[in-house]
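Student: These protein sequences, in sequence, are chains A and B. Terminal number for the first sequence in my numbering: 227, no gaps in between. Terminal number for the second sequence in my numbering: 216, no gaps in between.
Just to be clear, a hint being listed does not mean it is correct.
No more than 20 Å apart at the CA atoms, straight line, and that leaves these computed lysine to aspartate or glutamate pairs for EDC-like [as the list claims (entries may be wrong)]:
no.	chain 1	residue 1	chain 2	residue 2
1	A	Lys188	B	Glu138
2	B	Lys126	A	Glu138
3	A	Lys188	B	Glu164
4	B	Lys126	A	Asp161
5	A	Lys157	A	Glu138
6	A	Lys106	B	Glu183
7	A	Lys106	A	Glu167
8	A	Lys106	B	Glu145
9	B	Lys126	B	Glu116
10	A	Lys188	A	Glu173
11	B	Lys107	B	Glu138
12	A	Lys106	B	Asp100
13	A	Lys188	B	Asp156
14	A	Lys188	B	Glu153
15	B	Lys107	B	Glu164
16	A	Lys188	B	Asp100
17	A	Lys188	B	Asp132
In short, the hints are calculated from the structure, not lab data.
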Amino acid sequence: MCAVIPSQIEREILIEAPIDVVWRVVTEPDQIKQWFSEEAELDPREGGNGRLAFGEGQTFYLQIEAFEAPRRFAFRWVHPEGTKARPDNSMLVEFTLQPEAGNTRLRVVESGFDKIDWADEKKVKYLADHSRGWEFFLGRLRDFAPRAGAARPQ
Amino acid sequence: MSPASSEEALLEAVADTSRRRVLDLLLAHGKVTPTALAAELPFTRQAVTKHLAVLDRAGLVESTRQGREVRYSIRPEHLDIAVRAMAEIAARWDARLEAIKRMAESEATARRSDEYAAVVRAAASGRRRRAASLPAAHNR
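Excised from the complex, chain A in its bound form:
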């Protein structure tokens, strides 16, 4: 395998739900708490701040870069608390929603990986600490899946 570091991660998924429903799941703190973090606070406007807590005192601060319902939501995170997010101290996460015949294509891009110093163990650990959120999230997913599955038409 040719091991190369991309500067960004891009993912997309087709969701069989109208764009306004997907927008609310992606941006409303009560919903964010079901797919992302344990606690979520958001000042939903460009330039607004937010906070995601993943338990065990793991907290990330958000700086909202775009809040354009129902198509685009972007924030910077992973910058140290109390500092202003900049391209060289944070990662940019961008959600884009596109209606497709009553369904919604949701795309997420996280960028800024080329600015990370991979030799700096502290920074890499800080980044890898996202993974606590991952474990927490998997637990949530297992709780949530049977309910959501039951509600889906087969």
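Mind docking chain B on chain A? Use the hints.
Tutor: Chain B alone, transformed into the frame defined by chain A:
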């Protein structure tokens, strides 16, 4: 998600950037001078040097001086850490998107059945109103 599929997902996500080409050549050749790299790439030696500086700051390459020449090579341990961390982060986004999909689709289904129930109720009350106002012969 299995490690193999998250690696595939990572590769899928790799953007074809100039730095990727520099890394590819370093992986292929081992220790190389910027001049030798530039000879194989469609950019100038200055551009190659800039990319190498970025990769060096990221801890992904290291340079060694041999006489008047500086040669660059990959730091495999850091590349490995980076690739694993990226694969992990990519897998996490996949799972989050799956969760968003489940939640939104469950909400959309609930909304459709509410709408259906409302239509059924409206139809039923319409029938009742007609039943009250029309002669019995027209009712079923």
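Student: State for each hint whether it applies.
Tutor: Here is what the structure says about each hint:
no.	hint	result
1	A/Lys188 / B/Glu138	holds, 17 Å
2	B/Lys126 / A/Glu138	violated, 29 Å
3	A/Lys188 / B/Glu164	holds, 18 Å
4	B/Lys126 / A/Asp161	holds, 17 Å
5	A/Lys157 / A/Glu138	holds, 12 Å
6	A/Lys106 / B/Glu183	holds, 16 Å
7	A/Lys106 / A/Glu167	holds, 18 Å
8	A/Lys106 / B/Glu145	violated, 55 Å
9	B/Lys126 / B/Glu116	holds, 16 Å
10	A/Lys188 / A/Glu173	violated, 34 Å
11	B/Lys107 / B/Glu138	holds, 9 Å
12	A/Lys106 / B/Asp100	violated, 40 Å
13	A/Lys188 / B/Asp156	holds, 17 Å
14	A/Lys188 / B/Glu153	holds, 18 Å
15	B/Lys107 / B/Glu164	violated, 29 Å
16	A/Lys188 / B/Asp100	holds, 19 Å
17	A/Lys188 / B/Asp132	holds, 11 Å
Violated hints, listed in ascending order, are 2, 8, 10, 12, 15; each of the other numbered hints is respected by the structure.
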